[in-house]
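Asks: Protein sequence lines, in the order shown, are assigned to chains A and B.
Positions 0 to 247 (numbering that gives the first Met the number 0) are the ones given, in order, by the first sequence.
Positions 0 to 217 (numbering that gives the first Met the number 0) are the ones given, in order, by the second sequence.
It should be emphasised that the hints constitute simulated quantities derived from the structure, not laboratory data.
All values derive from a computational prediction rather than experimental measurement.
Every residue gets a Cβ at the ideal spot worked out from N, C-alpha and C, and that includes glycine.
Heads up, a few of these hints could be off.
[To be verified] Partner residues are not named here, just some residues of chain A that face chain B (Cβ under 7 angstroms, in silico):
{"#": "1", "residue": "Val-180"}
{"#": "2", "residue": "Glu-195"}
{"#": "3", "residue": "Val-203"}
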Amino acid sequence: MVSNFDDADRQRSDALSRTMIELADTLVHDFDVVDFLQMLSGRCVEVLGLASAGVMLHDQRDVLQVVASSDERARVLELMEIQNQEGPCLDAYRLSEPIQANAAEAASRWPIFSVRAQSFGYRTVGAIPLRLRAQTIGALNLFSTSDTQFRERDIRDAQALADIATIGLLNERALREARLVAEQLQYALASRVTIEQAKGIIAVNLKCDVDAAFQHMRGYARRRGLRLGDVASDVIHGDLTATAFTDG
Amino acid sequence: MDVSPSLVPLRLCEVGVERLGAQGVGLALISSPQARSLLSASGALAGRVEELQFSLGEGPCLDAFWAGVPTYEPFLATEGRDRWPLFAMAAVAAGVEAVFSFPLQVGEVRFGVLDVAHDVPGMLAAGVLADALALADIATETILALQTGTDEDRVADELGGIGSERIVVHQATGMIAAQAGIGVGDALAWLRAHAYADDRHIYDVASDVVAGSLMFVS
Chain A
0 MVSNFDDADR QRSDALSRTM IELADTLVHD FDVVDFLQML SGRCVEVLGL ASAGVMLHDQ
60 RDVLQVVASS DERARVLELM EIQNQEGPCL DAYRLSEPIQ ANAAEAASRW PIFSVRAQSF
120 GYRTVGAIPL RLRAQTIGAL NLFSTSDTQF RERDIRDAQA LADIATIGLL NERALREARL
180 VAEQLQYALA SRVTIEQAKG IIAVNLKCDV DAAFQHMRGY ARRRGLRLGD VASDVIHGDL
240 TATAFTDG
Chain B
0 MDVSPSLVPL RLCEVGVERL GAQGVGLALI SSPQARSLLS ASGALAGRVE ELQFSLGEGP
60 CLDAFWAGVP TYEPFLATEG RDRWPLFAMA AVAAGVEAVF SFPLQVGEVR FGVLDVAHDV
120 PGMLAAGVLA DALALADIAT ETILALQTGT DEDRVADELG GIGSERIVVH QATGMIAAQA
180 GIGVGDALAW LRAHAYADDR HIYDVASDVV AGSLMFVS
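Please construct the entire structure, taking both the sequences and the accompanying hints into account.
Replies: Now the structure itself:
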């Protein structure tokens, strides 16, 4: 019985499976975005037989930033960065679709980018969007020195790796944001008690009512760019006396 | 324009009572020994567990909060008495026989608890426990969603105010501390002692302090 897989295919399949498991495993444990994407880039090069690969992620202003690259040479990084003006990465990000081009196509589509890419000997270039449902957060660059186009299965495999990476990145971001809000809430819950207590202390020491006491405290906090809860806490611990509020 | 407290936390407690077959489900916001308040509660035993723990200063929900892990006591009347002598006695007298508390947290940042109370002893079935854990996750996300977008140093209006009675108690505590030259912890103790001795509600005594008709000197 003839198997449909030859050795190279099987090795490639194994490498891909191993990489996906490695990536998924990272998501469960402590997660460093840059290390993670660095690993992704390196694995893509191995699994897909590339010259180099790199990841760009968008920032709040929708500018693509180079976050990881299998090749740390400055000129390769510049090649990625220039894609904020034109290039496969920008197109993949904007269109949320995988892109690839041979040397001639690249020269016509992205003339400036293409000149630089050719100078590295990159003949075939491509990019895979990092997307999950409606969100696209960046793109994975693929650079090859071969004239052979990326096969459909190469694109599919790269997309699978990119998808796992995207899930991890979005989870990590959501977790970070949730944690920030939780910390804010924790602080606000604690400080609303200390603020009321501090009003009482100031009211007695300055012989005014609690509302006036609040105005004093808030004015002091604003003038010094301090958090109201911190000022209240200082008042309660005796680190800040009422005279400070009338001195201005 | 004032924003009303959201009804979603209450709805979550009502869903908890139905799905978990509990007699009391409550959500409390906790940040420090003094900073604790009931956000919402539902069921025949609604709020009892939280109120008792706040006034006695001990109980499974406080343990769950400080340890950051769920705390279960299916046999409050027996095992519970060893763990929380004051709370167990008062809770059983109020009709609570089992309590299951789940911290509300993101990583190690904790801000509250979900309490589930039953009027019969016994551990929750596996499926019910899974539902309770899921409810705690939903409550966490819900509360954080309600807080998101609020000015950094304030509790969102959607999460309800501190309660005007409590405001008065905290302000009175500060005033007593300044008048008597003592710390706020001691000031609160004085306030409680005075209310007890005069057989008055602490809020009434606190109001008098804030109004200036009652002063403390050391």
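Asks: Now tell me, hint by hint, if it's right for this structure.
Replies: Each hint tested on the structure:
1. Of the supplied interface hints, the one on Val-180 (chain A) holds, with its beta-carbon coming within about 5 angstroms of a beta-carbon of chain B, less than 7 angstroms.
2. Interface hint status for Glu-195 (chain A): upheld, as the beta-carbon distance to the closest one in chain B is roughly 3 angstroms, under 7 angstroms.
3. With a least beta-carbon distance of about 4 angstroms to chain B, the hint placing Val-203 (chain A) at the interface is held under the 7 angstroms criterion.
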